[in-house]
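Each protein sequence line maps, in turn, to chains A and B. Here our numbering is used: position 140 in the first sequence is 140, and no number is missing along the way. Here our numbering is used: position 209 in the second sequence is 209, and no number is missing along the way.
Please keep in mind that the hints were generated in silico from the structure rather than gathered at the bench. As the structure is a computational prediction, the values presented were derived from the model and not from experiment. Even glycine gets a Cβ: it sits at the ideal position worked out from N, Cα and C. Heads up, some of the hints might be wrong.
Which residues of chain A face chain B? A partial, calculated answer using Cβ under 8 Å [said to hold, decoys possible]:
id	residue
1	D15
2	R36
3	E123
4	F125
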Amino acid sequence: MSEKVVLLVEDNPDDEALTLRALRKHNLANEIVVARDGQEALDYLFGEGSYSGRDTSVLPQVILLDLKLPKVDGLQVLERLRADPRTRHVPVVVLTSSAEEKDLIRSYDLGANSYVRKPVDFEQFLEAARQLGLYWLVLNRVPYE
Amino acid sequence: MQLKLPARIALLIGGTLLVSILVLTLLFSTLFDRFYHYETDVQNQRLHGVLAEGLARLVVEGRPLAARDRLRRLSSKDPVLVYLYLTDFDGGLFAHSFEQGFPRALLSTLKMPAISRHLRYRLGADIVDHYSSPLIDGMRARIHIGVSDAPLTAAKLEWRGRAFLVATVVLLLGVAVSLVMARRMGRPLIRLATLLDRLGRGESVPPEQLRVAGPPEVRRAGEAAADMVEQKERLTCSLQEREAWLSTLFETAPVGLALTRMDGQLAEVNPAYAGIIGRTVDQTLQLTYWDITPEEYAEQEQAQLASLEASGRYGPYEKHYIHRDGHWVPVRLSGLIVERGGERFIWSVVEDITALRQAERLEEHLRRLFQEAHEEIYIFDGESLRFRQASQGALANLQYDADALCEITPVDIKPEYAEEQFREMIAPLRKGELESLHFETLHRRRDGSTYPVEIHLQYLDDPDGGVFFALVMDLTERKAAEAALREHRDHLEALVRERTGELQASNAELESFAYSVSHDLRAPLRAIDGFSQALVEDYGDQLDEAAHDYVRRVRTAAQRMGQLIDDLLELSRVGRAELRMEKVDLAQLAREVLDELRAAEPDRSVEFSCDEDLGVMADPRLMRVLVDNLLGNAWKFSAREAVSRISFGRLRDDPSVFYIRDNGVGFDMRHADKLFGAFQRLHRVTDFPGTGVGLATVQRILRRHGGRIRAEAVEGEGATFYFTFNAASPAGREIDGMQGESVDE
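Take the sequences, apply the hints, and build the full model.
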């Protein structure tokens, strides 16, 4: 069984730090790859740009995807992932500040597997991260494992 | 006492017979006497003739005794001869036949003049006619003979008796016959007379009764009377019919007819007359002419009266009558003086000319309207098409005077039409196939300029030649207005598109702003809270108690800020979201919300009562927010009670009003107006947490559903929120009014 990689797509360094802290606190991922915008996330997944040459057969166990991103936003990233047969089955958890219903619906329309709103309260955030990790990294099975 | 006719006739006939008989008897008696005397004379003559010579010789011989004997023989021979005596030449008695001497009574006869031939006197019991004559003519000696009247009297008496008998018989027979006759003739006559009497008294007698049997004259008289009666009956009948007919004419005459006494009292009027002044005939007869004549006419009336007196007629003239309801009725009246039963009346014919007046006024109005109209109205001949009349407006616009216009036809001012074409177009109007014709074309003024017109054409058939009416509207201004309107409309549409675009852009901006707020404002808060926590976790042992307290405050503030942002976003979303109306059971929602609240605080003791069936048509998501907020408040503000009591239901009086009641801390009604404003709070955050946005959101939700909300509370005893989804209902208006101030989005 290959190493379980988590791809965190997050442009806000504070959120990135907090998310990493929360995930690590629960020892939930061996490797966490951080993409700071949508384009970088796509480059990573499809082995392009700065990630050219990467073995694209190694797919993340789960992608934690922020929606509001520079360059290519989260929904576009999701759309591209689901359109490509290589990444079609990668679980995507939308992790965002937005409580807008249209974001929620659009995310599910595009094939998101979960939609989690980032709470302000860090303890709640920790709890959310713990549950996410437990479910997606431990319990969930993906076709390409 | 009047004798009956037959009696009178009998009497008359009897009387006449009697008188006739008497006269005849008298006549007969005289004749008899005459005859008798004549007979006697003849006898005497004969006697005289026989005796005269012998006696004369005796006288001459002077032999008285022989004469005496002879006389005595003569006397005895004829009893009628009472006596005979002779006088001698000197008138002395010569001889006589008396036995006892010459009676003294006759002494006077001796000296009687010779001419007295005959006298009568009574001698004893006998009446004697004395005759005296010379013995021989020329001889002075005379013979005197006394002839007794007795045989004559006896004969007379006998004749008289017979005559009396005959007369009586004749008389009786005459009376009897006349009675019979009179009765036969008189009876029918009397009967006729009686009937005629009755007729005369005015009684009715059947004509057949008058046709009496009887003598032809009476029958004829009866016939004549019967004919007369029949004729009279026929006449009476026809008179009655005529009277009835005249009465009908009077009663039903469409003009007012009135018989007025000279003092003005109305004596007889017909219903039409009463109708003119709005009264019944009976009411009208209580009035005088002056009651219904306005004072203004007093002078004119006097003039008409004078004319009436002078010529026996008045009018026709026009005036007004006073109608029962007070208004004046224009009338035309004329009349004349008539006499009836010796009294003079004014017979008036009165015509209500209200309609005529109105028609005249209307005609005048229409004439002025037509002539002075600024609109274009034309009348033109149906045959020649030449204009007959045109309104001022038409003349002015076309720049023709009336005379000049009458020389041309509509075709001359319509550059778009040739005469044939025009005639063809209006032909259906003349044939009656079409009532009116509307079309638009151009009119050419005298100066050659044209203007657009809309023409309404109608045809009026008339025995004197049909005419067309044309109502023409100058469309110059309308066309301009239409163009302007079109321009405005185009402009407006552009404006609306522009504004809609702006609004859409603004909405989009708002959404993106809300999105940014939601996303970007929360991130720093998360960092503040997260790193504060990290600080405590990683470096907690290096911080003293005060530092820990500060970090806690930082984190509380950050979390509160996050809550505020969430609530604000909720409020904003409630305003923007599209409504999806569905049937929503508020009771079901309330139970779900309460279950969640109980789950969060399982230690609370809460009694919740909820009506069944609180179904409404509303947006289910917003209803959830509404129930969340209201029940959440009730839950929150009753937290300090030993047992919280929360109820949710509809008002019994008005099921369109819902209420949610709690027994919590309530609030001061003086601050009720702040209750529904955003960020307005009536309690300290330390007492009860909250952002003050919940009720603003609730109010916004209700307003978006067309509803209203208000609250009632007593401090320390609890609060009740009343809300309805129909602001237009009485309850909705009441809620509106009680709220005092309305917060609008």
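Evaluation of the provided hints:
1. Interface hint status for D15 (chain A): upheld, as the beta-carbon distance to the closest one in chain B is roughly 6 Å, under 8 Å.
2. Taking 8 Å as the C-beta contact cut-off toward chain B, the hint placing R36 (chain A) at the interface is violated, the least distance being around 14 Å.
3. For E123 (chain A), the shortest C-beta to C-beta distance to chain B is roughly 7 Å, which falls under 8 Å, so the interface hint holds.
4. Residue-level restraint check for F125 (chain A) holds (minimum Cβ-Cβ distance to chain B is 7 Å; threshold 8 Å).
Violated hints amount to a single one, hint 2; each of the other numbered hints is respected by the structure.
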